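S.K.: So the sequences go chain by chain: E and C. Note that the working numbering has the first sequence beginning at 1475, numbered continuously upward. Note that the working numbering has the second sequence beginning at 88, numbered continuously upward.
Rather than coming from a laboratory, the hints here were simulated on the basis of the structure. Among the clues, some could well be false.
[As the list claims (entries may be wrong)] Over the 12 Å line for every Cβ pair with chain C, so calculated as not near, a few chain E residues:
1) Ser1575
2) Ala1576
3) Gly1608
4) Cys1710
5) Pro1792
[Claimed, not checked] Facing chain C, a subset of chain E residues (Cβ under 8 Å, in silico):
6) Leu1549
7) Ala1717
8) Gln1718
Computed from a prediction, not measured in an experiment: that's the story for all the values here. Where is the CB? At the ideal position from N, CA and C, for every residue including glycine.
Next come the chains, spelled out residue by residue.
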Amino acid sequence: MIARTTRGARLPLVATALAAALVLGACSGPDGASDLRRDVAEETTTEEEPAPPAASSQPATCEDPVASYEPEGSLPGPDDLPSGSTMAEIRERGSLVVGVSADTLLMGSRNPLSGEIEGFDIAVLHEVARAIFGDPDRLQFRVITSGQRLDVLESGEVDVVARAFTMTCERWETIAFSSEYYHAGQKVLVTRDSTVERIEDLEGQRVCAPEGTTTLERLGEFPGIEAVPAQTHTACLVLFQQAQVEAITGDDTILAGFAAQDPYAKVVGEAISDEPYGLGIGADNVDLVRFVNGVLEEMRDDGTWTDLYERWLGVLGPAPEPPNAVYGRPS
Amino acid sequence: MTQTAAPPVPASAPDPGPAGARRIVPAAATPARTSRRARLRASMARTPGRMRIALAVSVLAAIAFGLLGFQAASVQARALTAAEHDTSQLVDIQEARNTLVVADAIATNAFLVGGLEPTAQRERFDEAVLAATTLLTELAGRNAADSPELATAQAGLSDYVRLVEQARANNRQGFPVGSAYLDQASTTLRDETLPALDGLVVANADRVATDFAGVRNALWILAAGLLALAVLVLVQVWLARRTHRVLNVGLVAASAVVLVIGIGGAVVLGQASSTANAVRAGPYAATLASSQAYSLANDAKSMESFTLIKRGSGQAYEEEFVASVTEAGERLDTAAAEGVIGDESSRALDEWVAQHELIRELDDGGDWDGAVALAIGDDADSPNAAFDAFSAQVRDDIAQSTTQTQDRLSSAQGLSAVSAWLLLLAGGAAALLAWRGMSARLEEYR
């Protein structure tokens, strides 16, 4: 009897233990990440730091960076563009694809009220569109950063880049430029009460310049200055207003746009460099370069250039003479 | 042993039956017989002392059973409560995160339109930010362990709001620097606040996983408690040999109580554990799948706006869009294949993505204005309406599966909590019964 009781009592005990072991064994997913179905490794992503632009290494061997291809004969009208030419292709497509800035006040910026992109660079592009289509509005904008200017031309994504684009020998190696359509110079923007008069006075201070620009390269020539790169010029203005940098350096046109947005900022000093602006065009499209140079030629001659200058850059003072076109680049 | 073993002495004498269990020492028995007898006689003399020890052992065993059972069930009940709280914390963190991404998408869209922000949009933005702030504060109060990360998220959020205001102020004056402020605002949100919240989602998922493990591990404690039953039975066997009485009513009753309540408790706790497993594989998995898919879709939605704002340079954003919606779709499809959610949300997602492709077609074809008009429109067949339909569906799924998770965990918790007291009570009762049973025997030696 007792023995039976004992055995009888043990059986359920064993059964319970077994049942418990079964339930215990039926577990899965030891941690939250597996419940979330996530790989732990995916959390760690590395961000690629953009390489700092290398300083131009061969200015000595460079021929004239402002020399472009000479226009051939008189400018053809929109209806008799040479067949097979790049211009005819663009006309066929229906719009001129252009790489521009949307946040550089005066040169190329989106008007928050109308939503339109406008400025001196944009106005020049409208003239090119007018010459190809007879309609200045046949533009398809691609908003790009300074650092993207060469890439979009090399890949053929855009026809023309008009984005405060300084003509340099180094850039001529991979793309082509129109003749010079604006002459800018690098200056410095500081706070209204700053005693800084020229870039040398900024020794030991933080100065912002956009990535992938000649401005940033030139800043490297002043070793005492801490260069702070930003993605765009406007991002520099944000850093300036947040007191994360003491000054911004850039082309006088761009800085004038900043001063217009911030009454506590002023542009100082003489230009420390010559920044000849050209329209960037793909290296293969020499016919388009010649055509655009013809358009610019007309703009200089018929006063359009001066009108546009006064409209967009009048804050800089009375319109100077348009820069002279230099030709003679062998194609 | 049987009741026919009349003499009290030969407890270890050779068994009468061949099936006897104690035939281990017969060979050694003959030469050692004399000394053994002497020892047994001596032990006989000490029986009351031994019985006192046996009394103590059985009472302690019963108490240990009660305490371990109580412990097991309350550990489980606590783990279930914790799982309930931690899942709700997790869902609310996801909700806060989604609300912020929605707010950012609204702000971004407002800039896309240009000009003054429509009042309705501004109100939606303010509502979203307010909701997120309130939620983050509530969350910090609910679980102190999350507070440091939530503080980081809050700090990022206040930076974000400040930058958006600056963007607005500049926009109001027609300054393009406004969009750079908006850019920085989004970056702050994405670099500071969202990663902090994402980290918390994982931390809470870990916590829930630990809670589920606790629900299961409680069974081991109960198993340990059931060892008390073995002790009670052994004492009875020993007592029966000592006292010629087959059954000690007190001890038998104590054993019965331990056995019945112990097994009952094991069944209840085992069921709670399998409920937890079912919840984890069912509604909890559904909640995670839906809320993560919703998060991803919201990310994608603001990527759509950024793609348009970048106006032709937004390829990287479009790639992120595709990556996000693909992952969202995979999560929903997997969950639907496992049968934990329906396929409505997955289909709604596909419909929205199809609408998004129309926007991309327009933009890639050069009609940026048309693409923007389509992206910001809110007609019944617009992409926004498709996204709203998806949102409503997936939020519904989340609400439903969260309620199920909470309800099932909560009812399992209720049973565990009641079992805890029953087990404790049973241990007390068994101790009392064992004590009475044993002291009745002890009386006989007085």
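S.K.: Give a verdict on every hint.
M.R.: Cross-check of the supplied hints:
1. Look at Ser1575 (chain E): its CB is around 9 Å from the nearest CB on chain C, not clear of 12 Å, so calling it non-interface is violated.
2. Not every C-beta of chain C lies more than 12 Å from that of Ala1576 (chain E), the closest at about 7 Å, which undercuts listing it as non-interface.
3. Residue placement check: Gly1608 (chain E) keeps its beta carbon more than 12 Å from all beta carbons of chain C (closest about 18 Å).
4. Listed as a non-interface residue, Cys1710 (chain E) fails to keep its Cβ farther than 12 Å from every Cβ of chain C; the least gap is roughly 9 Å.
5. No Cβ of chain C comes within 12 Å of the Cβ of Pro1792 (chain E); the nearest lies about 25 Å off, and the non-interface call holds.
6. At about 25 Å, the closest approach between the beta carbon of Leu1549 (chain E) and any beta carbon in chain C exceeds 8 Å, and the interface hint on this residue is violated.
7. Interface hint status for Ala1717 (chain E): violated, as the beta-carbon distance to the closest one in chain C is roughly 13 Å, over 8 Å.
8. A cut of 8 Å between beta carbons decides the hint on Gln1718 (chain E): the least distance to chain C is about 11 Å, and the hint is violated.
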